[in-house]
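Engineer: Residue-level listing of the chains:
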Amino acid sequence: MRNRATVVASAKKIPRGGTLILASQSETGAGIAFIGVTKSYGRRVVVDSVSFICPPGSITGFLGPNGAGKSTTLRIAAGLSRADAGEVLFAGRRRRDLENPGRCIGFVLDPTALHPGRSVQETLKLSGLLLELPAAHIDEVLVLTGLVAVRRKRVAALSLGMRQRLVLGLAILAKPQFLVMDEPTNGLDADGAVWVRNFLTHFASEGGTVLLSSHLLRDVQAVADHIVMIDRGRIVAAGGVAEFSTGVGTRVAAAEPWRLAEVCSKQQWPFRRDGDTFLVEAPPEEIGLACLEHRVALIHLSNVTESALEEKFLALTSGEFASRNNSLESTA
Amino acid sequence: MSRRISFALLTWVEIRKLLDTRSSLAILAVLTAVAAALVVGFALFSQSNGTAVTFAGLAGSIGLFTALAMPLIGILGMTSDIAHRTTHVYYPLLGGRSGQFWAKVTAAAAVALALQLFVLLLLAAVAAAAMGNAAAPEVFRDAAGTTARGVVSCLLSTMFGVALAAAIRRTALAIVAVILVTLVGNGLILTLLPDASGYFSTLTAGAALVGGPEAPSALEVITSLAIWYALPLAIGWWITENGEA
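Top line first, the protein sequences correspond to chains A and B. Its first residue numbered 2, the first sequence is counted upward by one per residue in this note's numbering. Its first residue numbered 161, the second sequence is counted upward by one per residue in this note's numbering.
Hints in this document: simulated from the structure, not taken from any laboratory. Careful: at least some of the hints might be erroneous.
What the hints assert, rightly or not - Rough simulated footprint, nothing fancy, chain A against chain B, three-plus residues with beta-carbon under 8 Å: (1) 165–179; (2) 235–246; (3) 250–258; (4) 397–405.
Claimed, not checked - A short list of chain B residues far from chain A (calculated; beta carbon distances all over 12 Å): (5) 185; (6) 186; (7) 297; (8) 336; (9) 346; (10) 351; (11) 377.
What the hints assert, rightly or not - To give a feel for the contact side, a few chain A residues facing chain B, derived at Cβ under 8 Å: (12) 114; (13) 118; (14) 171.
Keep in mind that this is a model prediction, so the values were computed, not measured. By construction, the Cβ of each residue, glycine as well, lies at the ideal position given by its N, Cα and C atoms.
Please work from the sequences and hints to get the whole structure.
Structural biologist: Take a look at the structure:
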């Protein structure tokens, strides 16, 4: 069964220098655990004591702005970069201690990191040979990823979307227990993106563990059970996706904003101004009815639950961007 | 629980990676064609000059080819994954990087050896065809020794390319380095350090194979092998183990 109830950590902003409390040791045993992972390039700390758990049977979304340290964290998990401190554990074991890591963990990292002169089939076959997989796995993956028609084509002749499918195919070739994916829907058409989402949901429902890094917040929100947000190398928030999606309310815009504020006050609905709109902690139906009653003309009314993650994401990182821009300006 | 990937399997995959693209096959085809042209050309030239065509003589005609072509196989084997960043695909599959590094070294040696054996067979065929009235023992005098020297010389040349490519990690730079060191560097060393050139020349180990009164000392051979083979290979291995992929 899919483990939706498990929460990695409380969904509050982690203070600078703070430590993310891991939920329980039993969870680290079967899932993916990042424990105090730190990486610096020169004096620049790119990943700073990153700790979180991806529970088994679930999808953990890994979010952060560009340069936040997401890809470096995943590179460390894949063994492409070496952490200065900390560990990444898969079912309680370091990747390099696994007998055959490629059979347990699938990585989707970079669709451009493929030999352009090699055919699609040969690319899959080489990994299959290394992992001693039956040939049937390759045919299965070719069908699953929709690459049958281009199996004999060279990688150089493939579009970015097709390359992304091939990288996905490589990741799932050995039917692994863990999937670590960096922007897996990048370059995919709508059908491809939906296929990835459905595949990941099915994979997790079968007990697999997924770490999904993406800047496409809606993609993450559509499938993730847990969210981990990173900025400037530090975890800034983490929690179950429900914690990011509830209690936000409704976005409302009125022709006469002060009258809308009066209605909210009368109804004792907490609200705050956000640009030209209000964020009101009440269901849209009730707001609509109350405004109709008070003859307040609304020009916008929407449930913001769907974009709550995005708002939280922007709220958590906007300050960082601002301070970063300020420091850049002062340097200039 | 699945077992570790064996070294034999890693080597087999690396051999396959050296041969599974159109460009790599084209390079091998060109090298084979060049070797064949050199051998046949030398045989025809010898015949036109009335010189006897022998197996050992033909083997000598492809010395420069071996010195320049075999390192190319080593370079391609060592730098292909780095050039195309396919390390991102293969490193995550493996527990460590050392096994794959040495598998690449072995695979390059195996492919180069296969090419060299093919060329030696070609030499034998051309020598037999050009034999005419000459006695077979004359034409194939010291064939076993010539073959053994050819094989060792091929391995030395391949490993020279492997070692430089392992340390330099850039295909084009490694090719330029091999050509410059082989054709220019050795000449410079001989000119600037006439008495100590045996220690620093890349040709010292090859010269030891020929033997004779001019053969280098064991210390010269060891020093040369350490400078041009062991050291760059060790640097390459260290970078592979500890560097960013």
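Engineer: Hint by hint, say whether it matches the structure.
Structural biologist: Verification of the hints:
With 7 residues bearing a CB less than 8 Å from a CB of chain A, the stretch 165–179 of chain B meets the requirement of three and the coverage assertion stands. For the stretch 235–246 of chain B, the assignment as covered by chain A holds, since 4 residues bring a beta-carbon within under 8 Å of that chain's beta-carbons and 3 suffice. For the stretch 250–258 of chain B, the stated coverage by chain A holds: 7 residues have a C-beta nearer than 8 Å to a C-beta of that chain, and at least 3 were required. Evaluation of the coverage hint for the stretch 397–405 of chain B: fulfilled, as 3 residues show C-beta separations to chain A shorter than 8 Å, against a requirement of three.
Listed as a non-interface residue, residue 185 (chain B) fails to keep its Cβ farther than 12 Å from every Cβ of chain A; the least gap is roughly 10 Å. Interface exclusion of residue 186 (chain B) from chain A breaks down, the closest Cβ pair being 10 Å apart, not more than 12 Å. The Cβ of residue 297 (chain B) sits about 47 Å from the closest Cβ of chain A, beyond the 12 Å cut-off, so the non-interface label holds. Even its closest Cβ contact with chain A, about 22 Å, leaves residue 336 (chain B) beyond 12 Å, as expected for a residue assigned away from the interface.
Residue-level check passed: residue 346 (chain B) sits 34 Å from the nearest beta carbon of chain A, beyond 12 Å. Separation of residue 351 (chain B) from chain A is adequate, the least Cβ-Cβ distance of about 42 Å exceeding the 12 Å criterion. Separation of residue 377 (chain B) from chain A is adequate, the least Cβ-Cβ distance of about 42 Å exceeding the 12 Å criterion. A cut of 8 Å between beta carbons decides the hint on residue 114 (chain A): the least distance to chain B is about 4 Å, and the hint holds.
Given hint, residue 118 (chain A) at the interface with chain B, holds; its Cβ is 4 Å from that chain's nearest Cβ, closer than 8 Å. For residue 171 (chain A), the shortest C-beta to C-beta distance to chain B is roughly 6 Å, which falls under 8 Å, so the interface hint holds.
Figure legend: structure checked against the earlier numbered hints; hints not met, in rising order: 5, 6.
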